[in-house]
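Q: Protein sequences appear in the order of chains G and U.
Counting from 565, one number per residue, gives the positions in the first sequence under my numbering.
Counting from 914, one number per residue, gives the positions in the second sequence under my numbering.
Worth flagging that the hints you see were computed from the coordinates, not collected in a lab.
In this text, a Cβ means the ideal position worked out from N, Cα and C, and glycines have one as well.
Check each hint, because a few of them may be wrong.
Heads up, incomplete: computed chain U residues facing chain G, CB under 10 Å, no partners named [to be verified]: (1) Trp922; (2) Glu924; (3) Ala928; (4) Val930; (5) Trp952; (6) Leu1097.
List of simulated lysine-lysine pairs, DSS-like, C-alpha gap at most 30 Å [said to hold, decoys possible]: (7) Lys609/G x Lys1039/U; (8) Lys609/G x Lys1215/U; (9) Lys925/U x Lys1039/U; (10) Lys649/G x Lys1123/U; (11) Lys1215/U x Lys646/G; (12) Lys962/U x Lys649/G; (13) Lys646/G x Lys1040/U; (14) Lys925/U x Lys687/G; (15) Lys1215/U x Lys1039/U; (16) Lys1215/U x Lys649/G; (17) Lys687/G x Lys1059/U.
Covered stretches of chain U (in silico footprint by chain G; criterion: 3 or more residues with CB under 8 Å from a CB of chain G, positions within the stretch not fixed) [unchecked claim]: (18) 1005–1013; (19) 1120–1133.
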Amino acid sequence: MVARITFESVHAGQQLPRLDVPITASLIVAGAIATSDFSLVHHDKAHAQAAGTPDIFMNILTSNGLVQRFVHDWAGPGARIKGLKMRLGAPNFPGDAMQLSGTVTAKEVIGQDRIVEVAVSGKNRLGEHVTATVRLALP
Amino acid sequence: MSGTEKNNWLEKVRAMVGREALPPQTAADPVNLPMIRRWCEAMGESDPKYLDGTAAPPAMLFVWTMGHFRAGPGREGGTLLGLDLVEAAGFTSVVATNVEEEYLRELRCGDVLTQRITLDAISEEKKTGLGVGHFVTYRYEFSDQKGEVVGRTLFRVLKFRPPAKTNETAARVDTDTAGVTQPLHPRPAITRDGAFFWEGLNQRKLLVRKCGSCGRLHHPPGPMCPDCNSLEWTTQQCSGRGRIHSFVVVHQPQIPGFQYPLPVALVDLEEGVRIVANLRDIAPGKVRINMPVEVEFVEVGKDFVIPAFRERQAG
């Protein structure tokens, strides 16, 4: 986390620094355990294959965590994430990499909160893994 | 499954919309620093206010009341309202598709969350890339030890029927010399009308439907002769030779399992029917209308052969 981002310093159309996340089996399993998601398809390859996928794949709560970390890295410690809407597409399988990119889409003042909206896209080799809109309050 | 039976279960689930999907459940552990730190490590999150326990990352809202690896006293899971009926109807596989969250206040260590879940919606039957299924939506409301609501989540899953006969082949991942896994070739939906075509390809035969009444050939296969309306049919093996009637070169969208740019041709077979197939070993810029071609059988997966065409010397 570097320069301090403030509501005034942000403008619609602004791009966030991109983030490349290598997708490994370790990350998928660590994310599943950290989010208490013990579904077999997120840690047991044989089970995932029997269920019709080529390998284990990332759970939605880890994708959510990575998207919010990506936006929070940019916004800095003074920011507070207020909410998000996300949709999943192509799965994150081991051996792939996800490129996260983001664009500021809106600014508005609601009561005491100075809210910025960021559109996030996470792409892997198969296509778009996640699209999200994150709302955060900036100092 | 008949249409009536199908409607019965779907109507039953629809009638449950708005009802509590599980009894309220209180987290087994309060919001705590070890779980926060483990989560931050997995996600690569480095904000000191999370790592020192001043606040919990908002994205952990859903985590505190998650089920446990092993059920036990105070750790009962249970099936969400409606899911048993969806599964009994054959939609046994699940994948999460949407999350919408609203964080009303930052959570602190010691907060004890209770979740209340409502069945929000079930969709019509949808065809998806994973298979046929229904989207089922639940609304979660999280409150703290004082009963104050601290956050809400809308969670949507796709419950789908895994495509038949794909387990073995989907599990097989091709590996090239660099050790990089190659995506699998997408599979066609095989119906009774067209099963002979795919079975023929497995035996390296190009078969087309022949009307059992008027004898005309048709492709792609259908249940009824479009010329004489007969339901009787047989098949005829084609020579595999023909000429390019028209073609396109696909650049976008790029679907995993194919090489791009991909020339795709509409081929006039000698027998007088047209078939769509990929072209092989021809530079996209060299493809010409009326070019003589012949069929090649390409095994793109175990027991999965598709027809393709390559240039042939006319004669």
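Q: Hint by hint, say whether it matches the structure.
A: Hints and how they fare:
Hint on Trp922/U is violated. Least Cβ distance to chain G is approximately 23 Å, over the 10 Å limit. Of the supplied interface hints, the one on Glu924/U is violated, with its beta-carbon coming no nearer than about 28 Å to a beta-carbon of chain G, more than 10 Å. Against a cut-off of 10 Å between C-beta atoms, the interface hint on Ala928/U is violated, since the closest Cβ of chain G lies about 28 Å away. The interface hint given for Val930/U is broken, as the beta carbon of that residue sits about 21 Å from the closest beta carbon of chain G, more than 10 Å.
The closest approach between the C-beta of Trp952/U and any C-beta of chain G is roughly 4 Å, which is under the 10 Å cut-off, so the hint is satisfied. Interface restraint check: Leu1097/U against chain G, minimum CB-CB distance 7 Å, threshold 10 Å, status holds. Restraint check for Lys609/G and Lys1039/U: the C-alpha separation of about 28 Å stays at or below 30 Å, so the hint holds. For the hint linking Lys609/G to Lys1215/U, the alpha-carbon distance of about 20 Å falls within 30 Å, and the restraint holds.
The hinted pair formed by Lys925/U and Lys1039/U meets the criterion: a straight-line CA distance of about 18 Å does not exceed 30 Å. Taking the CA atoms of Lys649/G and Lys1123/U, the gap is about 53 Å. The hint is violated against a cut of 30 Å. Distance restraint check for Lys1215/U and Lys646/G: the Cα-Cα separation of roughly 49 Å exceeds the 30 Å cut-off, and the hinted pair is therefore not satisfied. Among the hinted pairs, Lys962/U with Lys649/G is consistent with the structure: their alpha-carbon atoms are about 24 Å apart, no more than 30 Å.
With a C-alpha separation of about 34 Å, the suggested pairing of Lys646/G with Lys1040/U is violated against the 30 Å cut-off. Pair hint Lys925/U plus Lys687/G does not hold up; C-alpha atoms about 38 Å apart against a cutoff of 30 Å. Between Lys1215/U and Lys1039/U the alpha-carbon distance is near 28 Å, which keeps this suggested pair within the 30 Å criterion. Our distance criterion of 30 Å between C-alpha atoms is broken by Lys1215/U and Lys649/G, whose separation comes to about 40 Å.
With a C-alpha separation of about 41 Å, the suggested pairing of Lys687/G with Lys1059/U is violated against the 30 Å cut-off. A stretch counts as covered by a chain when three or more of its residues have a beta carbon under 8 Å from one of that chain; for the segment 1005–1013 of chain U and chain G the count is 7, and the coverage holds. Coverage of the segment 1120–1133 of chain U by chain G is violated [criterion: at least 3 residues with CB-CB distance below 8 Å; count 0].
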